[in-house]
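J.: With these hints in hand, go ahead and build the complete structure from the sequences.
These are the residues of each chain, in order.
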Amino acid sequence: MAPQQRKPHVCRNPDLIRGVGKYSRSKMYHKRGLWAIKAKNGGAFPKHEKQTVAAAPTEKPPKFYPADDVKKPLVNKRKARPTKLRASITPGTVLIILAGRFKGKRVVFLKQLTSGLLLVTGPFKINGVPLRRVNQSYVIATSTKVDISGVNVEKFDDKYFGKKVEKKKKKGEGEFFEAEKAEKNTLPQDKKDDQKSVDAALIQSIEAVPDLKSYLGARFSLKAGMKPHELVF
Amino acid sequence: MPFKRYVEIGRIALVNYGKDYGKLVVIVDVIDQNRALVDAPDMVRGQINFKRLTLTDIKIDIKRVPNKKTLIAALEAADVKNKWESSSWGRKLIVQKKRASLNDFDRFKIMLAKIKKAGVVRQELAKLKKETTA
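Here the protein sequences line up with chains F and U, keeping their order.
The first sequence begins at 1 in UniProt numbering and counts up one residue at a time.
The second sequence begins at 1 in UniProt numbering and counts up one residue at a time.
Simulated from the structure, these hints should not be mistaken for lab results.
Be aware that one or more of the hints could be misleading.
Below, simulated PhoX-like cross-link-like pairs (lysine-lysine); rule was C-alpha separation at most 20 Å, straight line [claimed, not checked]:
#  : chain 1 : residue 1 : chain 2 : residue 2
1  : U       : Lys109    : F       : Lys145
2  : U       : Lys109    : F       : Lys223
3  : F       : Lys155    : F       : Lys111
4  : U       : Lys81     : U       : Lys59
5  : F       : Lys227    : U       : Lys97
6  : U       : Lys81     : U       : Lys69
7  : U       : Lys130    : U       : Lys114
8  : U       : Lys83     : U       : Lys97
9  : F       : Lys213    : U       : Lys59
10 : F       : Lys223    : U       : Lys114
11 : U       : Lys116    : U       : Lys127
12 : F       : Lys227    : U       : Lys98
13 : U       : Lys109    : F       : Lys227
14 : F       : Lys103    : F       : Lys227
T.: Below is the structure:
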């Protein structure tokens, strides 16, 4: 008797052709049972009492009227959503990165972030690709999947990868600059630890499959005779 | 020089163009100079131009336009499937299909296997060379 089990209601007045229903107004009146509702209510259709609207506070007349009519911007009800993920990309898929510093590298897909970018890791020990964001358009999805169940990727989001905001130091050029640069170049230790923890479980499941480790360590390249539109990835 | 494979009732042919590309079919009747009536266990019997067929060496024993049941029985009796798959032509087609369906990972594994095989062959060759020069 749960409400979810109701069958979808069939239309009471099916169209003969568009704009012309099967039943006339009087027939529909009878079908909808309005006569029964009226009878129950003693001859008249039941009315709700008008809900008294709370008196709106009197608005002051505006101080400024624009000389020409101001155009109202059109209504935009679109919601921002993360990019639609290709059906071939599921957590654990091996992806081939096509552009950038790591082009050709085969990499494991972890999850899609709210910005639409894909969170991806080498694993770092295998091919030098760290936890990184990558755009879906610059990626070929292979049909090889890695078991990703032992990996916890909850804590990674777009903010984790954002640039760190530095405090501005206007005074003192020269010595100050060098000292700052030396600090910026090293990765913070907690990011290194995150990388290690994600990769630990991954590398175990990768080593379970023969040759997968060397596969991920090798770069992809087109050789003679390979036609990308005919290749099955 | 003389022809060895003839168009005759019962000749197995390979479709090389069209919707049924790659299928093995049996010629069950000849319609005219250009077309044959053709049938296979998994398709509706229909006409096809000879230009779309390549004749094979296999022939089965059937009467003109048998019904599907008889046709399937005759194909089983002549063991067409195994004859085809063990022929060099049939084996080549199977290999081509397999190669076309290879995964990126499969291609990598094959590359490793090729390198390994070449290494073993080269070692043997080196051994033999040493023996002949010695």
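J.: Work down the list of hints and note, for each, if the structure agrees.
T.: Hints and how they fare:
About 15 Å separates the Cα atoms of Lys109 of chain U and Lys145 of chain F, which keeps this hinted pair within 20 Å; it holds. Pair hint Lys109 of chain U plus Lys223 of chain F holds up; C-alpha atoms about 16 Å apart against a cutoff of 20 Å. Restraint check for Lys155 of chain F and Lys111 of chain F: satisfied, since their Cα atoms lie roughly 11 Å apart, inside the 20 Å limit. Restraint check for Lys81 of chain U and Lys59 of chain U: satisfied, since their Cα atoms lie roughly 12 Å apart, inside the 20 Å limit.
For the given pair, Lys227 of chain F sits about 15 Å from Lys97 of chain U by alpha-carbon distance, which is consistent with the 20 Å threshold. Taken as a hint, the Lys81 of chain U and Lys69 of chain U pair is honoured in the structure, with Cα atoms around 17 Å apart against an allowance of 20 Å. Of the supplied pair hints, the one linking Lys130 of chain U and Lys114 of chain U is violated, its CA atoms being roughly 24 Å apart against a limit of 20 Å. Restraint check: the Cα-Cα separation between Lys83 of chain U and Lys97 of chain U comes to about 18 Å, which is no more than 20 Å; the hinted pair holds.
Under the criterion of a C-alpha separation no larger than 20 Å, the hint pairing Lys213 of chain F with Lys59 of chain U is inconsistent with the structure, at around 50 Å. Taking the CA atoms of Lys223 of chain F and Lys114 of chain U, the gap is near 15 Å; set against the 20 Å cutoff, the hint holds. For the hint pairing Lys116 of chain U with Lys127 of chain U, the CA-to-CA distance comes to about 17 Å; that is within 20 Å, so the pair holds. Between the alpha carbons of Lys227 of chain F and Lys98 of chain U the distance comes to roughly 16 Å, so the proposed pair stays at or under 20 Å and holds.
Distance check on the hinted pair: Lys109 of chain U and Lys227 of chain F sit about 19 Å apart at the alpha-carbon level, within 20 Å; holds. About 19 Å separates the Cα atoms of Lys103 of chain F and Lys227 of chain F, which keeps this hinted pair within 20 Å; it holds.
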